[in-house]
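Asker: Use the sequences and the hints to build the structure in full.
These protein sequences, in sequence, are chains G, X and C.
When you read off a place in the first sequence, starting at 1, and then add 12, the result is the number in this note's numbering.
When you read off a place in the second sequence, starting at 1, and then add 12, the result is the number in this note's numbering.
When you read off a place in the third sequence, starting at 1, and then add 12, the result is the number in this note's numbering.
Wrong hints could be hidden among the right ones.
Each pair may be met inside one copy or between any two copies, as identical chains are not told apart.
[What the hints assert, rightly or not] Pairs of lysine-lysine residues, derived as DSS-like cross-links and limited to a Cα-Cα distance of at most 27 Å, are as follows:
(1) 146 x 27
(2) 194 x 146
(3) 180 x 64
(4) 86 x 64
(5) 199 x 28
(6) 60 x 131
(7) 146 x 35
Read the hints as simulated data drawn from the structure, not as lab findings.
This one's a predicted model, so the numbers in the text were calculated from it and none came from an experiment.
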Amino acid sequence: MSLNSIFQYFIPKDKKFFPLFEKDSANLISLGEKLVEALNTEDLTRRKELFKDIEDLEHTGDEITHQIHLELSKNFITPFDREDIHRLASALDDIADYIHGSASRIDLYQVTEITPPIKELASLILQACQDLNKAIHELRDLKNVRIIADSCVRINSIENQADYVFDKAVSELFMYEKDAVKLIKYKEILSALEDATDMCEDAANVLESILVKNA
Amino acid sequence: MSLNSIFQYFIPKDKKFFPLFEKDSANLISLGEKLVEALNTEDLTRRKELFKDIEDLEHTGDEITHQIHLELSKNFITPFDREDIHRLASALDDIADYIHGSASRIDLYQVTEITPPIKELASLILQACQDLNKAIHELRDLKNVRIIADSCVRINSIENQADYVFDKAVSELFMYEKDAVKLIKYKEILSALEDATDMCEDAANVLESILVKNA
Amino acid sequence: MSLNSIFQYFIPKDKKFFPLFEKDSANLISLGEKLVEALNTEDLTRRKELFKDIEDLEHTGDEITHQIHLELSKNFITPFDREDIHRLASALDDIADYIHGSASRIDLYQVTEITPPIKELASLILQACQDLNKAIHELRDLKNVRIIADSCVRINSIENQADYVFDKAVSELFMYEKDAVKLIKYKEILSALEDATDMCEDAANVLESILVKNA
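Answerer: Below is the structure:
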């Protein structure tokens, strides 16, 4: 039992960290939605606009991360272990960075043909962000521990699917793509998308450890 | 002196963490042995079977890691610092992941010609896993601190050798491999193998810090 | 307020960690200077000598990191949080590794034509190291908190510039470099240089968190 779990019976409900984490994970859903929309439209002007939205949402995420770190420095007592707050904030920040990084590579490398595995990975990222948001909303009172645990299991399974999609796509590039420069471009984009699902799994791991310690 | 080192005189000998770490590092030796065997046989059917064994052993490793995290959440008093237990478990898990990742890339990219530097790196990984296992067995009573220290020194030297093998192999690819797609394939495989030795060094660093704090 | 900040009024001024961090960050400036000089000379023999100097300075950095870890293990009371000392030492060590890694790739891949973005990135790394050194010198008494904060803001901006230089250079490689092997070589070198500025940002983040906790 941690010091925090002893203290939490005496202190008023946290009004600082939970709202920030909820805001942060809602922002990730928006990022995931914009990414899926951008990669499924054929309209290149619209795609460009959506990439700009993703850039703005990534900045919003940066500000929320900064606020969480600020609250962490100002508050001695936190609703769960300090290192878990720090790890969760960093994990959510990394997800936003990788979603943004994937979009900006596609834009910068002037890749206009969006292949099926790229779309699949984007859809998996969005699903994982939705599950993260659902789990984070249950952190407040930990009454529905089952919902958090189920979300984490699903995120782990999503990451496994993403691994499979990535590995299959890269091995197909090696088999069929004779233009090495194009191969590298696509490999880089697939890799950034797959990394985003790894970051979702990292966040789920933090949630699981919070669960076991506090529930 | 850490709180744990004060406490350890009053608590019964740990029966939870040491057996799990010993099991985990023995599992890494098996992974290393299967890898070396797979990359030294010319029989492609046998190699495929060994890759399957590696996949199974990686799952075994995942379960052990999970058990260590579970014990960490349940126990307030631990045989050495909580963050070092966490770091050691994660480092061992990463080694298993990279061994498995190397094998699965070779399989997936349909690389059948195993070059000398690939075999050398696999052999270095196995040596590092054997040294880790030896050091971890000495953690229980810390009577033979010298054995742990020597293993860590050897692992650091193994990692340096792996760096050298990797750098040399990649620069030779750049010089002699005119097929860029093939070059990328081999570079990816060499890189996964070299990363595995980096992870062994990370684990050795954790062991060294446990040593200095508790011996 | 951390335990350390309570203790620090009762303990003599730290004479161990501050001198080591100052030495470590001064060593990073030397590494940055050698890198800039190596990449701006046309004299290949002189460049080779400078690469050798970089290797030696990287070893010096390793020794300083080792000493910091040793002091950390021996001292129960530290001038700021133990985990921040550990994180700062690791971040500075990573910077040295990436500067050395960039130089050694250029050497090993026999890349003799140093392009403008490579020079720009080297110059950005040097600037970030100078700012880190300036900030670390102010850690001792925390009287000029503004100087630390300003350095951190500049390092963040330097990292953003490096991102931009890297992304632009890679997308230009994709557009104009038809030799895939050459493209991969340059991408690897640019990537190692850009990673070095990421590591500078990590170090700045640690400094910022020390600031908020202790100032």
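Asker: Run every hint past the structure and note whether it holds.
Answerer: Consistency of the hints with the structure:
no. : hint      : in the structure
1   : 146 x 27  : within (18 Å within a copy, 38 Å between copies)
2   : 194 x 146 : neither (38 Å within a copy, 44 Å between copies)
3   : 180 x 64  : between (30 Å within a copy, 17 Å between copies)
4   : 86 x 64   : neither (34 Å within a copy, 46 Å between copies)
5   : 199 x 28  : neither (41 Å within a copy, 43 Å between copies)
6   : 60 x 131  : within (16 Å within a copy, 31 Å between copies)
7   : 146 x 35  : within (12 Å within a copy, 36 Å between copies)
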